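Undergrad: For reference, the chains in residue letters:
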Amino acid sequence: MSEADVLRQEVLAPVADVGGPQQPLLAVRGLSKHFAVGGGLFGRGGVVRAVDDVNFSVDKGEVLGIVGESGCGKSTTARLIIGLIAPDKGEITLDGEPVGPALTLRELRRRVQMVFQDSYASLNPRLTIEETIAFGPKVHGIAPAVARARAHELLRKVGLDPSLFADRYPHELSGGQRQRINIARALALAPRLVILDEAVSALDKSVEAQVLNLLLDLKEELGLTYVFISHDLNVVRFISDRVIVMYLGEVVESGPVEALWTDARHPYTRALLAAMPSLDADHRTQEAPISGDPPNPIDPPSGCRFHTRCAFAEPVCSAEAPRLMPTGNERHAAACHMVDPASGHSRAPVASPEIQHAI
Amino acid sequence: MTIVATDIVRIAVVDKARGYWTNVGRRLMRDPVSVLCAVVLILIALAAIFAPYLSLADPFLGSMIRRLRPIGTPGYPLGTDELGRDMLSRLVHGGRLSLLIGLLPVVTAFVIGTTLGVSAGYVGGFVNQTIMRTVDVFYAFPSVLLAIAISGALGAGITNSLVSLTIVFIPPIVRVAESVTTSVRGLDFVNAARASGAGPLTIMRVHVLGNVLGPIFVYSTSLISVCMILAAGLSFLGLGTKPPQPEWGLMLNTLRTAIYINPWVAALPGAMIFTVSICFNLLSDGMRSAMDVRS
Numbered sequence: 001m002s003e004a005d006v007l008r009q010e011v012l013a014p015v016a017d018v019g020g021p022q023q024p025l026l027a028v029r030g031l032s033k034h035f036a037v038g039g040g041l042f043g044r045g046g047v048v049r050a051v052d053d054v055n056f057s058v059d060k061g062e063v064l065g066i067v068g069e070s071g072c073g074k075s076t077t078a079r080l081i082i083g084l085i086a087p088d089k090g091e092i093t094l095d096g097e098p099v100g101p102a103l104t105l106r107e108l109r110r111r112v113q114m115v116f117q118d119s120y121a122s123l124n125p126r127l128t129i130e131e132t133i134a135f136g137p138k139v140h141g142i143a144p145a146v147a148r149a150r151a152h153e154l155l156r157k158v159g160l161d162p163s164l165f166a167d168r169y170p171h172e173l174s175g176g177q178r179q180r181i182n183i184a185r186a187l188a189l190a191p192r193l194v195i196l197d198e199a200v201s202a203l204d205k206s207v208e209a210q211v212l213n214l215l216l217d218l219k220e221e222l223g224l225t226y227v228f229i230s231h232d233l234n235v236v237r238f239i240s241d242r243v244i245v246m247y248l249g250e251v252v253e254s255g256p257v258e259a260l261w262t263d264a265r266h267p268y269t270r271a272l273l274a275a276m277p278s279l280d281a282d283h284r285t286q287e288a289p290i291s292g293d294p295p296n297p298i299d300p301p302s303g304c305r306f307h308t309r310c311a312f313a314e315p316v317c318s319a320e321a322p323r324l325m326p327t328g329n330e331r332h333a334a335a336c337h338m339v340d341p342a343s344g345h346s347r348a349p350v351a352s353p354e355i356q357h358a359i
Numbered sequence: 001m002t003i004v005a006t007d008i009v010r011i012a013v014v015d016k017a018r019g020y021w022t023n024v025g026r027r028l029m030r031d032p033v034s035v036l037c038a039v040v041l042i043l044i045a046l047a048a049i050f051a052p053y054l055s056l057a058d059p060f061l062g063s064m065i066r067r068l069r070p071i072g073t074p075g076y077p078l079g080t081d082e083l084g085r086d087m088l089s090r091l092v093h094g095g096r097l098s099l100l101i102g103l104l105p106v107v108t109a110f111v112i113g114t115t116l117g118v119s120a121g122y123v124g125g126f127v128n129q130t131i132m133r134t135v136d137v138f139y140a141f142p143s144v145l146l147a148i149a150i151s152g153a154l155g156a157g158i159t160n161s162l163v164s165l166t167i168v169f170i171p172p173i174v175r176v177a178e179s180v181t182t183s184v185r186g187l188d189f190v191n192a193a194r195a196s197g198a199g200p201l202t203i204m205r206v207h208v209l210g211n212v213l214g215p216i217f218v219y220s221t222s223l224i225s226v227c228m229i230l231a232a233g234l235s236f237l238g239l240g241t242k243p244p245q246p247e248w249g250l251m252l253n254t255l256r257t258a259i260y261i262n263p264w265v266a267a268l269p270g271a272m273i274f275t276v277s278i279c280f281n282l283l284s285d286g287m288r289s290a291m292d293v294r295s
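Note that the protein sequences, when read in sequence, are chains A and B. Residue 1 is where the first sequence starts when you use our numbering, and the numbers rise one by one after that. Residue 1 is where the second sequence starts when you use our numbering, and the numbers rise one by one after that.
Be a bit skeptical, because a hint or two may be false.
To be verified - Pair ranges (Cβ atoms, derived): (1) 46/A x 200/B: 25 to 33 angstroms; (2) 25/B x 275/A: 50 to 58 angstroms; (3) 45/A x 32/B: 50 to 58 angstroms; (4) 46/A x 142/B: 36 to 44 angstroms; (5) 98/A x 200/B: 20 to 28 angstroms.
Please keep in mind that the hints were generated in silico from the structure rather than gathered at the bench. If you're wondering where the values come from, they're calculated on a predicted model, not measured in any experiment. C-beta atoms are modelled at their ideal positions from N, C-alpha and C, and glycine is treated no differently.
Can you make the complete structure from the sequences, with help from the hints?
TA: Next up, the structure:
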């Protein structure tokens, strides 16, 4: 055991595994969050269904990507998992322990940490780097001197020299350096799960690649599990093992990253993939795969929420909401009537589960 | 095993860097305007505190034949007032009460107003509504009227006028504190602090206060001069300081009758109020820049 490892144990012992590798680290069941909007003294307000009955799980040591357009509920989901906002409905289970009396919010936040998109706004401009990273351990009762030592150790881990950076302020650093600080801060409490909410989206491409590699190295070294939220599909494909696609607060498709990229079943996922810019001249995007903005989430469309923009919409789509159905492929599921043989959609698999790739 | 661990922790302990306030002081010292203002304020304060030991003329001793002498009269370097009392002595002695009246209500209101405003801004919701709507009630009255009303209700006297001035200055400070706190509260570093399991008091102390104190501080110091003038108004109505007690506001009021006879002498108490308030203003502005780590 190296010196650094001894120190790490002394500072904050990593949380022991409970359920073994088979038990998902994080399980989210029926998670919903509705925000009331408008509605003054006399007006009738609406309800934004930011996250609506979302289910997914994250295996230990896995990277789960969450993709979708702006406003689809990705960030709200992240904030619900870490308890920054309280869910209206649903259950969050961490390694078999449901959040609630069994697992307090404080303890949850020790095990789950988050890296935010805006590297500058997520650092207190009046604290030095060292103070920022040492804050979490201090809150959890670690002696200030030990917390500072931990901050220096973490700075080295994220590739920044403590003697150069510990006493600096956030405005003196570049975006990539600041995001490394944010990662170090998230790791300061020795969490098991790190939520990366658009953590690399604001960085230059070259810096982005460095930070992504750092994240993968840290994951390997510390046995971490990531939830990686992004709208950049290339990045998600690079880093994720599995991906879930969200649209207007709902999960529309989920599956292993390769299955999703080669065999997307939901028209929205296909449209997202088709909208990816490509350097290959043979694969130029000739016309927009889908047009317009997502519908107003205050009054979402009936039935399938995507039917207003879907090229294959039929009466059944506006009448009935599709459920996440397994597509046959292992762990690959899509919420589309064209996947469900019993839906009555003309493109639904009737006899054979063969699906036409019409796009 | 345990011994090994403790040893390593001791070795790895890192010395604390220079404190935040040391850096603020260092940056403040580099600003000539702030240093000048600080020196002027310290001189005025020292003169006021040690006024009885400065072998000045008796500030209460009047002379009917030496009234309203101009500045520079032998024996009266700053002339005499409408009752023939030495202006220099009265100005120095007056500083004692004036500084107290100008500072104490603002300092008290700063502490109370910041506490209320930051709590309202950080907690939000019902607490915010309760505090802010209560504060709004005070906004229904002009500040002069409010000070007179409270002073009148409490009765004449310096203590009561201090209390009434404090009450008058709390609402505007609460408003400023609430609005800056609301803008800081939504930033991600506060979310990150919450996500690390810190309680609201710790977050307010470590993450919110440092980022909101600057603007509240600067606003509050601008109230010092207003406070002195308001106190003078109360004195004029017989609710605060009583003659013959020397106090700048009161002197300004009583000397107004001499404005056509000897304007320079009549303007002296006003000049003192102006000097003190502008120094506080410039100093707090320098303080704000010094507290900003980006400078």
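Undergrad: Take the hints in turn and mark each one as holding or not.
TA: Checked hints:
Residue 46/A and residue 200/B have their C-beta atoms about 30 angstroms apart, which keeps the hinted 25 to 33 angstroms range intact. Evaluation of the 50 to 58 angstroms hint for residue 25/B and residue 275/A yields a pass: the beta carbon distance comes to about 56 angstroms. The given range of 50 to 58 angstroms is respected by residue 45/A and residue 32/B, whose C-beta atoms sit roughly 56 angstroms from each other. The supplied range of 36 to 44 angstroms is met by residue 46/A and residue 142/B, whose beta-carbon atoms lie about 41 angstroms from each other.
A hinted range of 20 to 28 angstroms holds for the C-beta pair residue 98/A and residue 200/B, which are about 25 angstroms apart.
Of the numbered hints given earlier, the model fails none.
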